Amino acid sequence: DVKVTQSSRYLVKRTGEKVFLECVQDMDHENMFWYRQDPGLGLRLIYFSYDVKMKEKGDIPEGYSVSREKKERFSLILESASTNQTSMYLCASSFIMTLLAGRNEQFFGPGTRLTVL
Amino acid sequence: GENVEQHPSTLSVQEGDSAVIKCTYSDSASNYFPWYKQELGKRPQLIIDIRSNVGEKKDQRIAVTLNKTAKHFSLHITETQPEDSAVYFCAASIGTNAGKSTFGDGTTLTVKP
Chain A
63 DVKVTQSSRY LVKRTGEKVF LECVQDMDHE NMFWYRQDPG LGLRLIYFSY
113 DVKMKEKGDI PEGYSVSREK KERFSLILES ASTNQTSMYL CASSFIMTLL
163 AGRNEQFFGP GTRLTVL
Chain B
82 GENVEQHPST LSVQEGDSAV IKCTYSDSAS NYFPWYKQEL GKRPQLIIDI
132 RSNVGEKKDQ RIAVTLNKTA KHFSLHITET QPEDSAVYFC AASIGTNAGK
182 STFGDGTTLT VKP
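Line by line, the protein sequences are chains A and B. When we follow the working numbering, the leftmost residue of the first sequence carries the number 63, and every step to the right adds one. When we follow the working numbering, the leftmost residue of the second sequence carries the number 82, and every step to the right adds one.
The reader is advised that the hints may include incorrect statements.
To be verified - For lysine to aspartate or glutamate, the following EDC-like pairs were computed, each having C-alpha atoms within a straight-line distance of at most 16 angstroms:
no., chain 1, residue 1, chain 2, residue 2
1, A, Lys-117, A, Glu-131
2, A, Lys-80, A, Glu-124
3, A, Lys-133, A, Glu-84
4, B, Lys-118, A, Glu-167
5, B, Lys-123, B, Asp-165
6, B, Lys-123, B, Glu-164
7, A, Lys-119, B, Glu-83
8, B, Lys-123, A, Asp-100
For the record, the hints were derived by calculation from the structure and aren't laboratory data. Keep in mind the model is a prediction, meaning the values are calculated, not measured.
Required output: the full structure, derived from the provided sequences and hints.
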C-alpha cells in the first residue's frame, strides 16, 4: 500500500519566516510533486522532481524552492513566508509515465494547511 | 503550456440521477487523462483514467469518454449515491513530460438523498 506522508497537518508561521514542508514516499517513485490547493483554483503545481537533485518549475514557482537529496524525500521551502502563501499544500508521487498501457496514478499525501500571519 | 478547463464548478443532483462533468484541454500532445475524487477533508484519489488511444472506458458506475478531435473529455457517473458527493478533478498529461499533469479547477458534486 503506497504511503505518502507530510511532516505536518497544520502549521502556523509569521510573515518573513523560513518554512520547510517535507514529504516522504515509500514506493520508490521517481516523480514527486508539490501543489497548492485553494478554493476554486484546483490543484496548482509549484514544483516537481523526476529524479534525485532534479527539479522543474511548475505553474506557480515564485516564492518557493525545493530540495530532493534522496529519492524518497521532497522538501518545499518558503524562503520568506508571506500572507498570500496561506494555503493547503499537497505533495504527490508517481512512477515515471510510460507510453504503455497502465495507470500513471499520482498518490497524494494528506496535505499541510499552512497559515501565515 | 497545457490549459485545462472544467465545467461545471458545482453540480447538484438527486440520488439515482446521472452526473456529467466536462473538461477541455489545449495541447494536442496530451495523451493521458486521469480523474481524481477528493472527499471532504481527504486527499485526492484516482478513480478512472483514459489514454488517447481509447475513446471510452467504463468501471462500474463511472465512465470516461474522450474526443481527441475536439480536445475534450467527460466523466459520467450513473445511479449517483450520496457517497459520490465530493470534488472531482480532471487532468491532462503529456507522456514525455515525466508524468506532470495539469489539473482543472474542480467540480463540487452534491448528491441529495
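Cross-check of the supplied hints:
1. A:Lys-117 - A:Glu-131: 11 angstroms, holds
2. A:Lys-80 - A:Glu-124: Holds, at roughly 15 angstroms.
3. A:Lys-133 - A:Glu-84: 13 angstroms, holds
4. B:Lys-118 - A:Glu-167: Cα-Cα ~12 angstroms, so holds.
5. B:Lys-123 - B:Asp-165: It holds: about 14 angstroms lies between the C-alpha atoms, which stays within 16 angstroms.
6. B:Lys-123 - B:Glu-164: Given pair B:Lys-123, B:Glu-164 holds - Cα atoms ~13 angstroms apart, limit 16 angstroms.
7. A:Lys-119 - B:Glu-83: 14 angstroms, holds
8. B:Lys-123 - A:Asp-100: 14 angstroms, holds
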